[in-house]
Each structure stands twice: as C-alpha cells, then as structure tokens.
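Please build the complete structure, drawing on both the sequences and the hints.
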Amino acid sequence: MQFEHIAGVGTRVWRWSRSSGTQPRLLHAAKAAVAAALAWVVARYVPGVASDYPYYAPLGAVVAMQTTVFAGLRSGIQTLVGIALGIAVAAFTMWVGDPGVLAVALAVGVGVLVGGFRILGEGSSWVSTAALFVLLVGGAHAEGYSLGYLVQMAVGVVVGLLVNFLVFPPLRFWDAERRIDQVNSVLAEHLDGLADVLEQGERDERAWDRAQDRLDRAIADVRSRVSIAQESRRINPRGALRGSRARLQHDGSRFRALERVAWYTTDLTELVARSGPVSSNLGRPDEAFTAPLTTAIRQVAAMVRGDHPPEEGDRAISELERALDASREHPSDVAVTSSALVSLRGIVESERRATQDVDTETGPSA
Numbered sequence: 001m002q003f004e005h006i007a008g009v010g011t012r013v014w015r016w017s018r019s020s021g022t023q024p025r026l027l028h029a030a031k032a033a034v035a036a037a038l039a040w041v042v043a044r045y046v047p048g049v050a051s052d053y054p055y056y057a058p059l060g061a062v063v064a065m066q067t068t069v070f071a072g073l074r075s076g077i078q079t080l081v082g083i084a085l086g087i088a089v090a091a092f093t094m095w096v097g098d099p100g101v102l103a104v105a106l107a108v109g110v111g112v113l114v115g116g117f118r119i120l121g122e123g124s125s126w127v128s129t130a131a132l133f134v135l136l137v138g139g140a141h142a143e144g145y146s147l148g149y150l151v152q153m154a155v156g157v158v159v160g161l162l163v164n165f166l167v168f169p170p171l172r173f174w175d176a177e178r179r180i181d182q183v184n185s186v187l188a189e190h191l192d193g194l195a196d197v198l199e200q201g202e203r204d205e206r207a208w209d210r211a212q213d214r215l216d217r218a219i220a221d222v223r224s225r226v227s228i229a230q231e232s233r234r235i236n237p238r239g240a241l242r243g244s245r246a247r248l249q250h251d252g253s254r255f256r257a258l259e260r261v262a263w264y265t266t267d268l269t270e271l272v273a274r275s276g277p278v279s280s281n282l283g284r285p286d287e288a289f290t291a292p293l294t295t296a297i298r299q300v301a302a303m304v305r306g307d308h309p310p311e312e313g314d315r316a317i318s319e320l321e322r323a324l325d326a327s328r329e330h331p332s333d334v335a336v337t338s339s340a341l342v343s344l345r346g347i348v349e350s351e352r353r354a355t356q357d358v359d360t361e362t363g364p365s366a
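Using UniProt numbering, read the sequence shown as starting at 1 and increasing by one per residue.
Be aware that one or more of the hints could be misleading.
Simulated restraints on C-beta separations [what the hints assert, rightly or not]:
| # | residue 1 | residue 2 | range |
| --- | --- | --- | --- |
| 1 | Asp325 | Gln23 | 50 to 58 Å |
| 2 | Asp267 | Ala91 | 55 to 63 Å |
| 3 | Glu319 | Val167 | 54 to 62 Å |
| 4 | Arg44 | Ser224 | 35 to 43 Å |
It is worth saying that the hints were derived from the structure and are not from the lab. Backbone N, C-alpha and C fix where the C-beta goes; we use that ideal spot for every residue, glycine too.
Right, dumping it as structure tokens:
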C-alpha cells in the first residue's frame with residue numbers, strides 16, 4: 001500500500017513536470033552546465049595567447065545553448081560577428097586617441113550605431129560590449145586580449161553547439177501542442193461568455209476588450225511557439241525521425257485552424273455583442289433567435305474545447321438555420337443572426353479541417 005502511494009505521488013510529479021514544461025527546462029539547464037564545464041576544460045589547452053583568457057569559453061557555450069540547435073548556431077555566429085566588429089570599433093577608437101572618457105563615449109556610440117543593423121540579430125548588443133572590453137580590460141595588451149577574447153568565445157560556441165546537437169537535441173513540438181490546447185480553452189471561454197451576454201442581454205465593453213486582448217496575446221504566443229517547433233527540426237538529427245515531419249505538419253494545420261477560429265470568434269463578438277442584438281441601442285434580440293443562437297454558440301464552444309465532435313456543432317447550427325427559415329419578421333435580427341451563422345459555420349469547418357489528413361499535407365515545410 002505504501003509503495004502504491006509513493007508510485008502515485010511519483011506519477012503526479014512526473015505529469016506536473018511535463019505539463020508545466022519543467023522537464024525540458026531541467027534538461028536544457030543540465031546541458032548548459034555540462035557545455036560550460038567542457039568549454040572551460042578545453043579552453044585551457046588552446047595554444048597561444050588565447051590560453052590566458054579561458055573564462056570566455058564558458059560564456060560562449062552559454063550563448064550557443066539555445067532552445068533549438070539552429071537557434072544556437074545562429075546566435076553563436078551572430079555573437080562572434082558582433083565581437084569581431086566590436087574589436088574593430090575599439091581599434092578605431094584607440095587609433096583616434098588614448099583611452100579615456102571621450103574614447104569610452106566614442107566606442108559606445110560607434111558600437112551602438114554599428115550594432116543597429118538588424119542582420120546582426122543577437123550580435124548587435126555585443127558590438128559595444130566587446131569594444132568596451134577591449135578598450136578598458138585589454139588596455140595596453142589590447143591586441144592579445146582581442147585575439148584571446150574572440151578565439152575563446154568561438155571555442156565555447158563550438159562546444160555548446162556540439163553538446164546541444166549530440167545530447168537529446170531539442171524538438172519543441174510538445175510545447176507548441178500544449179499551448180494550442182490551452183488557447184482552445186481560451187477561445188471556448190470567450191464563446192461561452194458571448195452566450196452569457198446573449199442570454200442576459202447586457203454587455204460589458206471593458207470585459208470584452210480584456211478578453212479580446214487576452215485572445216490576441218495567446219494567438220501571438222502560439223504563433224511564436226509553432227515557429228520554434230518548426231525551427232527545431234533544422235540541423236537536428238531527431239528531426240529526421242519518421243513521425244516528426246507529419247507531427248509538425250499537423251501542428252501547423254491546427255494552428256492555422258486556430259487563427260481562423262480566432263478571427264471568426266472576433267467577428268462573431270463584433271456582430272452580436274458590440275454592435276448587434278445586444279448593443280446598447282438595439283437591446284436584446286428576439287427570443288426566436290436568442291435561444292437557438294445561444295445553444296449553437298455553447299455547442300461550438302464545447303466543440304472547440306474538445307468536449308464534443310464537430311457534428312454536435314453542425315446539429316446546433318442546423319437548429320439555428322431552421323429558426324431563420326421559419327422567420328418572416330424582424331429583418332434586422334434575421335440579418336445579424338445570418339451573419340453570426342456564417343461565423344459559427346466557419347469555426348466548425350476550421351476545427352474539422354484541422355483534424356483531416358488532407359489538410360496536414362499543406363503544413364509548414366521542413
């Protein structure tokens with residue numbers, strides 16, 4: 001009995017660490033620590049003047065330990081280019097005059113100006129930093145310091161890339177999939193809130209603004225995570241696994257469906273809650289449309305959440321269509337409800353397409 005209790009606690013802790021993203025963070029932290037330690041060891045055997053500056057190698061390893069192998073390669077190259085440019089800026093500053101207050105100001109000013117090119121990416125901040133290091137730390141030994149600085153950073157970058165490439169190179173699929181599921185819940189809550197507004201006939205403009213802002217941020221966050229998942233297959237031996245491409249395509253398909261659902265949900269909100277039947281100047285819609293429209297929205301929300309299949313949404317929408325077909329009065333309510341029907345149908349079809357194999361064929365390319 002005691003063993004079963006311990007096993008149950010262990011299972012819950014394991015699930016929590018996975019759902020919270022703790023596992024990949026722990027793995028990434030362990031790999032970064034190993035890479036920094038290896039870089040420190042290797043740096044001591046670098047020949048020449050660079051051996052006097054081994055402490056820059058662990059820094060280079062940390063720079064290269066990004067969330068994906070490709071991101072680490074890009075960051076490492078950009079950082080080394082930025083350092084090289086910073087060394088050049090420092091050389092120019094020292095050629096102009098002796099180190100001092102004006103030299104520091106000139107190095108930083110020129111470094112920030114040179115680092116402003118977007119192509120440098122993460123290396124942009126290293127231009128002025130490297131210029132200051134060479135100017136103030138290198139001092140009279142600026143030439144040897146510059147060489148050691150650049151070489152040891154390069155050593156660290158190479159070590160970091162090798163560790164990230166060889167030791168469980170990260171594939172970020174699970175993170176994107178988890179966030180897609182979470183945003184589906186946000187969309188479902190948004191639709192349930194819209195159904196509540198229809199039932200009560202009252203609206204809260206500030207609440208809708210907050211809900212829309214939350215939805216926009218969630219979609220932007222998913223877009224970023226799906227992009228990282230796509231990038232994680234590049235220069236990654238695990239990316240060649242049989243199921244990785246299909247999984248990435250499916251995730252891309254789900255995200256595109258999520259964007260469409262978010263757009264239709266926003267459109268539905270504008271139609272019904274902001275300027276339509278429950279706006280301050282029109283009041284509550286006719287009961288003949290309120291009940292089937294509310295039911296349809298709630299069924300679609302449950303479908304988005306994953307509680308019901310798309311067929312449940314189809315049935316609720318069919319009831320709403322029958323209510324419209326039977327109507328011969330209230331043309332303004334009919335027009336708004338018809339527009340809302342288009343949005344609801346768009347949500348259902350988007351969710352259906354996300355689960356069809358034919359749609360995954362158009363997912364993001366490797």
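Now the hints, each set against the structure:
Checking the proposed 50 to 58 Å range against aspartate 325 and glutamine 23 shows it holds: the Cβ atoms sit about 54 Å from each other. Under the hint 55 to 63 Å, the C-beta atoms of aspartate 267 and alanine 91, about 58 Å apart, fit the expected range. Remark: the range hint 54 to 62 Å for glutamate 319 to valine 167 is upheld by a beta-carbon distance near 56 Å. Range check, arginine 44 to serine 224: about 39 Å between beta-carbon atoms, so the 35 to 43 Å window is met.
Checked against the numbered hints above, the structure breaks none of them.
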